[in-house]
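S.K.: Here's the letter readout for the chains.
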Amino acid sequence: MDLRSERSTALVVTDDASYARNALDAIWSSENEDPKRLDPLIIFQTSSLARLPLQSSYVDQVIFFTRSVEFPVDELYAEIFRVMTPGGKLVVYRSFQIEISEVETALSALERKLLLAGFLEGERFQLKKIAHTVGIKAKKPSWKIGSSFAIKKTVKSPLKIQMDDDSDLIDEDSLLTEEDLKKPQLPTVGDCEVGSTRKACKNCTCGRAEQEEKVQKLELSADQLNNPQSACGNCGLGDAFRCSTCPYKGLPPFKLGEKVSLSGNFLAADI
Amino acid sequence: MEMKSMTLLILYATQTGNALDVAERIAREAERRACTVVISSTDDYDANSLPAEDTVIFVVSTTGQGDTPDSMKVFWRFLLQRNLGSHWLEGIHYAVFGLGDSGYQKYNFVAKKLDKRLSDLGATAVVERGLGDDQHPSGYEAALDPWLSSLWSRLNEIKPHFFPKGPDFLVSNEELIGLPKVQVTYHNVNDMDSRLSTATDFKYLQMQIGRARSMSSGKVPHEKSKPDAFLKMVKNFPLTRASHEKDVRHFEFEFVSQVIKYEIGDVLEVLPSQSPAAVDSFIQRCNLDPESLITVHPREMENRHIDNNVNTLDVPIKLRTFVELTMDVTSASPRRYFFEVMSFFATAEHEKERLQYFASPEGRDDLYQYNQKERRTVVEVLEDFPSVQMPFEWFVQLVPPLKNRAFSISSSPLAHPTQVHLTVDVVSWTTPFKRKRQGLCSTWLASLDPEQSIYIPVWFHKGLLPPPPPSLPLIVIGPGTGCAPFRGFVEERAVQSQCKAKGGGFYAAFSRDQPQKVYVQHKMQEQSERIWNLLCEGAAIYVAGSSTKMPSDVMVAFEEIISKESGAPRESAVRWLRSLEKAGKYHVEAWS
Numbered sequence: 001m002d003l004r005s006e007r008s009t010a011l012v013v014t015d016d017a018s019y020a021r022n023a024l025d026a027i028w029s030s031e032n033e034d035p036k037r038l039d040p041l042i043i044f045q046t047s048s049l050a051r052l053p054l055q056s057s058y059v060d061q062v063i064f065f066t067r068s069v070e071f072p073v074d075e076l077y078a079e080i081f082r083v084m085t086p087g088g089k090l091v092v093y094r095s096f097q098i099e100i101s102e103v104e105t106a107l108s109a110l111e112r113k114l115l116l117a118g119f120l121e122g123e124r125f126q127l128k129k130i131a132h133t134v135g136i137k138a139k140k141p142s143w144k145i146g147s148s149f150a151i152k153k154t155v156k157s158p159l160k161i162q163m164d165d166d167s168d169l170i171d172e173d174s175l176l177t178e179e180d181l182k183k184p185q186l187p188t189v190g191d192c193e194v195g196s197t198r199k200a201c202k203n204c205t206c207g208r209a210e211q212e213e214k215v216q217k218l219e220l221s222a223d224q225l226n227n228p229q230s231a232c233g234n235c236g237l238g239d240a241f242r243c244s245t246c247p248y249k250g251l252p253p254f255k256l257g258e259k260v261s262l263s264g265n266f267l268a269a270d271i
Numbered sequence: 001m002e003m004k005s006m007t008l009l010i011l012y013a014t015q016t017g018n019a020l021d022v023a024e025r026i027a028r029e030a031e032r033r034a035c036t037v038v039i040s041s042t043d044d045y046d047a048n049s050l051p052a053e054d055t056v057i058f059v060v061s062t063t064g065q066g067d068t069p070d071s072m073k074v075f076w077r078f079l080l081q082r083n084l085g086s087h088w089l090e091g092i093h094y095a096v097f098g099l100g101d102s103g104y105q106k107y108n109f110v111a112k113k114l115d116k117r118l119s120d121l122g123a124t125a126v127v128e129r130g131l132g133d134d135q136h137p138s139g140y141e142a143a144l145d146p147w148l149s150s151l152w153s154r155l156n157e158i159k160p161h162f163f164p165k166g167p168d169f170l171v172s173n174e175e176l177i178g179l180p181k182v183q184v185t186y187h188n189v190n191d192m193d194s195r196l197s198t199a200t201d202f203k204y205l206q207m208q209i210g211r212a213r214s215m216s217s218g219k220v221p222h223e224k225s226k227p228d229a230f231l232k233m234v235k236n237f238p239l240t241r242a243s244h245e246k247d248v249r250h251f252e253f254e255f256v257s258q259v260i261k262y263e264i265g266d267v268l269e270v271l272p273s274q275s276p277a278a279v280d281s282f283i284q285r286c287n288l289d290p291e292s293l294i295t296v297h298p299r300e301m302e303n304r305h306i307d308n309n310v311n312t313l314d315v316p317i318k319l320r321t322f323v324e325l326t327m328d329v330t331s332a333s334p335r336r337y338f339f340e341v342m343s344f345f346a347t348a349e350h351e352k353e354r355l356q357y358f359a360s361p362e363g364r365d366d367l368y369q370y371n372q373k374e375r376r377t378v379v380e381v382l383e384d385f386p387s388v389q390m391p392f393e394w395f396v397q398l399v400p401p402l403k404n405r406a407f408s409i410s411s412s413p414l415a416h417p418t419q420v421h422l423t424v425d426v427v428s429w430t431t432p433f434k435r436k437r438q439g440l441c442s443t444w445l446a447s448l449d450p451e452q453s454i455y456i457p458v459w460f461h462k463g464l465l466p467p468p469p470p471s472l473p474l475i476v477i478g479p480g481t482g483c484a485p486f487r488g489f490v491e492e493r494a495v496q497s498q499c500k501a502k503g504g505g506f507y508a509a510f511s512r513d514q515p516q517k518v519y520v521q522h523k524m525q526e527q528s529e530r531i532w533n534l535l536c537e538g539a540a541i542y543v544a545g546s547s548t549k550m551p552s553d554v555m556v557a558f559e560e561i562i563s564k565e566s567g568a569p570r571e572s573a574v575r576w577l578r579s580l581e582k583a584g585k586y587h588v589e590a591w592s
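Residue numbers (UniProt numbering), protein chains in the order written: chain F, 1 to 271; chain W, 1 to 592.
Since the hints were derived computationally from the structure, they do not count as laboratory data.
Among the hints, a few may not be true.
Said to hold, decoys possible - Here are the computed distance ranges between Cβ atoms for each label pair:
| id | chain 1 | residue 1 | chain 2 | residue 2 | range |
| --- | --- | --- | --- | --- | --- |
| 1 | F | C243 | W | Q81 | 44 to 54 Å |
| 2 | W | K203 | F | N227 | 51 to 61 Å |
| 3 | W | T240 | F | C243 | 36 to 46 Å |
| 4 | W | K203 | F | S244 | 46 to 56 Å |
| 5 | W | H461 | F | C232 | 45 to 55 Å |
Where is the CB? At the ideal position from N, CA and C, for every residue including glycine.
Full structure from sequences and hints, please.
M.R.: Right, here's the structure in full:
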């Protein structure tokens, strides 16, 4: 129970006014709550109520007491969730005048509804002082403080968190202005031809990078290796001088007419 | 008044090396103006020290998605803290230059955000931020050149103490080429002590490595330059079948020197050996005598005091040994400035032109194809430019330093007190130009024969995987060579446990064995319930492996598993995992 405030707000929702008084006494005593600490708001006749007249994150505790089977509509659970503060507790009591066997189904249905509405740590219990009444306690998650969430198995919770989370860092995107988001004016380079000055982006997706790679493959014949010729005169000079399409690319420098030695590289792997 | 630093600090965050190139250029321009400067990557700099600085220049790249480079992530996160307040950097001056690509929506976001944040923290901008754009025909230089001009002129106005030789002092490029940052002194044979010739005992080797490395860096203190220990290989066998594309080896080493007490999860750094033929070829190409005795120191600058650790009475070592131990000529690629300096020393016109082109903004992309993407080595570059005769000092300054390679140790010292084991992927690949290349260190280790007793210089340090308490339940994810550190974990547990572990056991995922790839996250999903049970028991999570994507894929798999098994929404699973990280129970070691 969050003891942040001296008085915490509580909401009691019920469809049976006459029953409420006794029920409340019983509930409070079972919870060991000092009634003076609570400041309950009681809402009756909620059988057709879909919205609660309260602002969000307002109440710390909600006690939901009902006898009817149909009541309440699902929207009411969402509303209860909304008006609760994070970390707040919900207790739902159902009083039964039906067969014990059906209690189980009714309770499971209730548990599911609560889970779907976003409540966690659903726990069944029985109220001894009032007959035929069972209840489910649940919590609204308190994400702001730290996270704790339901574990399906009954294992000791490993999930306690000591968090100083990233709220101690400023938001870096706030450092940018409108001006910053604009791109600079560049002299236009109106080409799209592969091979001219404009190069493909580093993470090219349009295929231009592949095109540029393709332009570079020409196979070497044995003759070319034994008696290398070069019209441009650059082939023998070494990779630093060769064109991107040169068939001799990758080979060490050589003299025209002399056989090219394949591996002049001290770190070349034995092929 | 507080004595503030008289040194200009340049902090860079580079993704592909461009921001580093720019940072180095700014540093050179500072030095040409007799300004003392220090340059550091953001992941080597403790943000806590910022308030003690006087003026800081930031050079930061933005990746395609608008993100900070990996090397800036921790630094940036630090700066984003709300509780730093708006006065934390009061009195500090700064300037930001960003590298980006306006072809992307989030153009230069990192620089823009950094600029604003620094100002919000109380710092004062020296000049407006500069934004380099890859899409500009001249690349980032179009923005950098004018930005640098205004930076120097403004700094001269408000911080004249950075320029002790006055605002007009500027070493010209011609003069600069005569001023490499290192000085090499040649010594007579008579100066040497008599143990030089064939000493093979490891103590001598240790001293040599120490001397060479501290001379090379000019600032690393002697202690860490010397290896912590020497190992020799005793077992070397493959873990993968011969037909496999990959070659993963299991290595077992023994201490030759004194035994170092290490822990599981520790990292072993190895100084690789370079091919003797390559080293010889390089020395020959430079027209140098491998047997000459040298000492290397930083060139004395007038406004720079000599560091106490740099001992001008350093014992000389053989030139060959210096090259072998400290200058990477066969694996690392040189930087852009290397090509620029080379152009000064090229006698053939076409070579000079080409080198100048490579060093220019227009040639940057072609240089990237030729050099960085191909992993062109210094020896290879020299082969392509035979007319270049560069003084050895420039090579010492510009050839990439030979770096140690780090490996996760895969043994437990409890199980093997005098040994260290490694699980190593022997790296090999084909370049875009279809050349076959191999990793320097992994190949060298794989080639070692236990019969030969070659000494391997090593250092030990802590990794990112702290040894867990013996009874803590663990979930370890280690695809591929990622299993290496966990082998150590397993060995250690086996030794530690007095009784059988209750139902522990290991579940391994074997990818590649079947036609469709099965990734570790799929196997995790299969064991979803079991993983959840372990987490409920308070298990810690360890992830290791060689991939940039795998750790985040694994994280996502955990989120899904937690969400599914507990019934909670995804966001709570995410937050829960984050809190696990903060509590020190989620560890990742990823290498590329």
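S.K.: Please go over all the hints and tell whether each is borne out by the structure.
M.R.: To see whether the hints hold, each was checked on the structure:
1. Range check, F:C243 to W:Q81: Cβ separation about 53 Å, and the 44 to 54 Å hint holds.
2. A beta carbon spacing of about 56 Å between W:K203 and F:N227 agrees with the range 51 to 61 Å that was offered as a hint.
3. Taking 36 to 46 Å as the suggested C-beta distance range, the pair W:T240 and F:C243 conforms, at roughly 39 Å.
4. At roughly 53 Å, the beta-carbon separation of W:K203 and F:S244 lies within the given 46 to 56 Å, and the hint holds.
5. Our hint of 45 to 55 Å for W:H461 and F:C232 holds, since their Cβ atoms are close to 52 Å apart.
When each numbered hint is compared with the structure, no violation occurs for any of them.
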